[in-house]
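The chain contents come next:
Number of protein chains: 2
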Amino acid sequence: MSIGVGIIGLGTVGSGTVEILEERIPFFASELGLDIEIRGLCAKSDAETAPFAARGHRCTTNADELIHDPSIQILVELVGGYDLPRKWISAALAAGKHVVTANKALIAKHGAELFPIAAENKVDLLFEAAVGGGIPVIRAMQESLVGCEIRSIRGIVNGTCNYILTSMFKDGGDFDAVLAEAQKLGYAEANPTFDVDAIDSAHKLAILASLASGKFVDFRKMLVEGIRGIGQIDVRMAREMGCTIKLLGIFNRCEDGRIDARVHPCLLPENHLLSSVDGVLNAVHLEATNLGPTLMTGAGAGKLPTASAVVGDVVAIARKLASGGAPLPMGFFREDNAADLLPRDEIRNGYYLRFTMRDRAGVLAAITQAFKEAGISVASMIQKHSTKGGEATIIFTTHKCAESDVQAAIAAVDRLEDSVEPAKMIRFG
Amino acid sequence: MSIGVGIIGLGTVGSGTVEILEERIPFFASELGLDIEIRGLCAKSDAETAPFAARGHRCTTNADELIHDPSIQILVELVGGYDLPRKWISAALAAGKHVVTANKALIAKHGAELFPIAAENKVDLLFEAAVGGGIPVIRAMQESLVGCEIRSIRGIVNGTCNYILTSMFKDGGDFDAVLAEAQKLGYAEANPTFDVDAIDSAHKLAILASLASGKFVDFRKMLVEGIRGIGQIDVRMAREMGCTIKLLGIFNRCEDGRIDARVHPCLLPENHLLSSVDGVLNAVHLEATNLGPTLMTGAGAGKLPTASAVVGDVVAIARKLASGGAPLPMGFFREDNAADLLPRDEIRNGYYLRFTMRDRAGVLAAITQAFKEAGISVASMIQKHSTKGGEATIIFTTHKCAESDVQAAIAAVDRLEDSVEPAKMIRFG
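Protein chains in written order, with the numbering used here: chain A, 45 to 473; chain B, 45 to 473.
Hints may be right or wrong, so weigh each one.
The list makes no distinction among identical chains, and a pair is therefore deemed to hold if it is satisfied within one copy or across any two copies.
[What the hints assert, rightly or not] Below 27 Å or equal to it, Euclidean Cα-Cα: the simulated DSSO-like pairs (lysine-lysine) are:
#1 K214 / K428
#2 K468 / K214
#3 K265 / K468
#4 K347 / K88
#5 K444 / K265
#6 K166 / K444
#7 K468 / K88
#8 K131 / K428
#9 K347 / K131
#10 K228 / K347
#11 K214 / K228
#12 K428 / K444
#13 K88 / K131
#14 K416 / K166
#15 K153 / K88
#16 K166 / K153
The hints are simulated quantities; they were obtained by calculation from the structure and are not laboratory data.
Okay, chain A solo, but in the shape it has when bound (with noise of 0.2 Å):
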């Protein structure tokens, strides 16, 4: 059975969904058993989709094209904005289409009307790319945690106003400044408000309390907080009491069943697994009953990240329309498919080297003899006399090298006279 997409804006999102699609479709088919085709691109004018025609793609500028074509099963919104995709997914959904979007606010705002069309047409809705990026939180909820309640999240959901709040930690700098940086740098819009006023996070946040509720989450009836008015005295403060300063999305199921959901600046202590997600990385921390805690973390926006998210859920579908549900394609685990895997001695590392000596004029230059013939750059050295008989212990840290080569050389010391004991040796990671 072949399975066709199409994919409706061709901006970042678009065009990343687009190449990995094009560099992952022989793998789909080789490895997955899914016969994938992508039968058609929609933008909103020739300019934009000139570049794919002429790679061989069937383009339009006419949405309905796309969605009322027979051999699309897999529609795909990565345009944006609320009025059109709202319009544009009800039609694909109603007409019997699979639909995958990253549209957050579309989800947070329209959900409750498009998720029951899906449903009666008995056909998915994902947006995995809506919340996290390539974090794949969406699926972990909805699959994988369906034997937990979850009890609380704790989600830094914007890449923005993480950035902003730690360059305020890291490099100094008022509000403004930063974020003028940052608009600099391309993290953030030049109209920043739907970041720095926290609407984008309240949206992904609404979807995730919807998900660990089981309820539906309408942000606009959330509490809502941006970073404005955070300055470096805050930080400073902050910082004098150990602490970090995050924006949160929070939610909590209560003792009597209510729903706590909210985002706004949170102080955390610098221990805290959320403190050190750090620039525009995001992160999702939920509590849930029978699992506890666990934190995921990774590219909340990007190109190719949110892109990946895309084609998970496009494959998602696509296992279902081909099969109805069949196993994972774990044929690869096979014994006559053996991994060609590297040998120990070409491991490549730097390592950290203790060797036990008796501390005698000469050792360390018989010691660095040794390197010097197994062919090994030293990063540092540290002698430390000891107060054990004359006994020294000298600690080498290696550059990258090959493991072959920090054998040989450890051997060589190892078999000096004045070898106390075999050294010890770490890799660095």
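We have chain A; now place chain B onto it with these hints.
Chain B in isolation, oriented as in the chain A frame:
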């Protein structure tokens, strides 16, 4: 369609799986539309099955009874070890049953034999619980990341070793003493070799490396080194270098297509994401094309976390059995099913409050009076004199209190005639 589950093994994870299924079966029926039933439990002795029989379960000491029961479609193996599970799982797969296991040793050692039997019989053999306990890394690799090629993995996949190493860093103590303590606390077995010599980690890394490479990675051919022999001196030196030591499972896809897969202790910079994964926690750090780096952290073992992963697999199979790949149930996402949101006033938090006041006698008394009237308990207070003409910055942190109370206190302070600018409030996370 009613789906029957049989479970072999009623030890820690087995009894946890029964508990979670008993708890969640009503949810699976009402929210997922899945009619799942426990149709048989098996353990070695009547003494082990007695408490389950008392709760009304059909129990046996003969695994074959479950394997050949036509009312059971999903067989769950939670015994551990090699020989019997291998026999049972082969037989169950051959009989057309889907199988779920947490047995990493079995998958690593005999997976190459079992997966082809599963493929031949068109059934699933799922093993999410085999690596990282409750962390949904297997499903992420099998489904979410199909649009990516995984380039590298760094995994902390053995809680015992991570506990020992963490203790050596945090509390001092040499390996033997810390191991003895871990054994006393139940974090290490009486015979710890499976853990501390990294055999368990090797099984897990081999499974991850197989999934990442699409090739069978044989743990018997990997470099595997445990954590014996790491001493306090290594800990102290690592610390002086700004590093920690972690036992890592490592996978790299080499430029030439070969696979680098190994397990050994590693020095990691203290600011590496994995360095803060402490105690019995597990973590898997992936680098994938398109996606970039992603980290998943959580409980790597334990009764309920592991059982929750088993249940996730059972439900994944049940979904396919019931519907042949029907849409995910998003019917709850409707406006007429709105969550009962906790009103903002009822949010409870600790707060950070910064006031800018004229530096005059009585100001502090006026603020603390406002706090007292709002019923807010102060956790700490710092006053800083400003160089600006007679202004003071006064910072309070509060114990947990209601948002309405803190808003009342802020309003009262802002109304004071000595207030220079509105208060800045940030919530503790």
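Results of checking the hints against the structure:
Taking the shortest Cα distances, K214 and K428 sit within 27 Å of each other only across copies (23 Å), while inside one copy they are farther apart (35 Å). Proximity of K468 and K214 under a CA criterion of 27 Å is satisfied inter-copy only: 21 Å between copies versus 37 Å inside one chain copy. In this homomeric assembly, K265 and K468 come within 27 Å of each other (Cα to Cα) only across copies, at 23 Å, whereas the closest approach inside a single copy is 60 Å. Within a single copy, K347 and K88 get their C-alpha atoms as close as 19 Å, which meets the 27 Å cut-off; across copies the closest is 54 Å, which misses it.
Only between protomers do K444 and K265 lie at most 27 Å apart by alpha-carbon distance; the minimum there is 23 Å, versus 55 Å within a single protomer. Taking CA atoms no more than 27 Å apart as the test, K166 paired with K444 passes in neither setting, with 55 Å inside one copy and 47 Å between copies. In this assembly of identical chains, K468 and K88 lie within 27 Å of each other by CA distance neither inside one copy nor across copies; the values are 64 Å within and 45 Å between. In the homo-oligomer, the alpha carbons of K131 and K428 never lie at most 27 Å apart, since the shortest distance is 73 Å inside one protomer and 57 Å across protomers.
In the homo-oligomer, the alpha carbons of K347 and K131 lie at most 27 Å apart inside one protomer (25 Å), although the nearest pairing across protomers, at 48 Å, exceeds that limit. Taking the closest pair of Cα atoms, K228 and K347 come within 27 Å of each other only inside a single copy of the chain (18 Å); across copies the shortest separation is 50 Å, beyond that limit. Only within a single protomer do K214 and K228 lie at most 27 Å apart by alpha-carbon distance; the minimum there is 18 Å, versus 43 Å between protomers. For the identical chains of this complex, K428 and K444 are intra-copy neighbours only, at 24 Å inside a copy versus 50 Å across copies, given an alpha-carbon limit of 27 Å.
For a Cα distance limit of 27 Å, the shortest separation of K88 from K131 inside one copy, 16 Å, qualifies, whereas the shortest one across copies, 60 Å, does not. Taking the shortest alpha-carbon separations for K416 and K166, neither the intra-copy value of 69 Å nor the inter-copy value of 58 Å comes in at or below 27 Å. In this homomeric assembly, K153 and K88 come within 27 Å of each other (Cα to Cα) only inside a single copy, at 23 Å, whereas the closest approach across copies is 54 Å. In the homo-oligomer, the alpha carbons of K166 and K153 lie at most 27 Å apart inside one protomer (22 Å), although the nearest pairing across protomers, at 41 Å, exceeds that limit.
Hint check: violations occur at hints 6, 7, 8 and 14; the rest are consistent with the structure.
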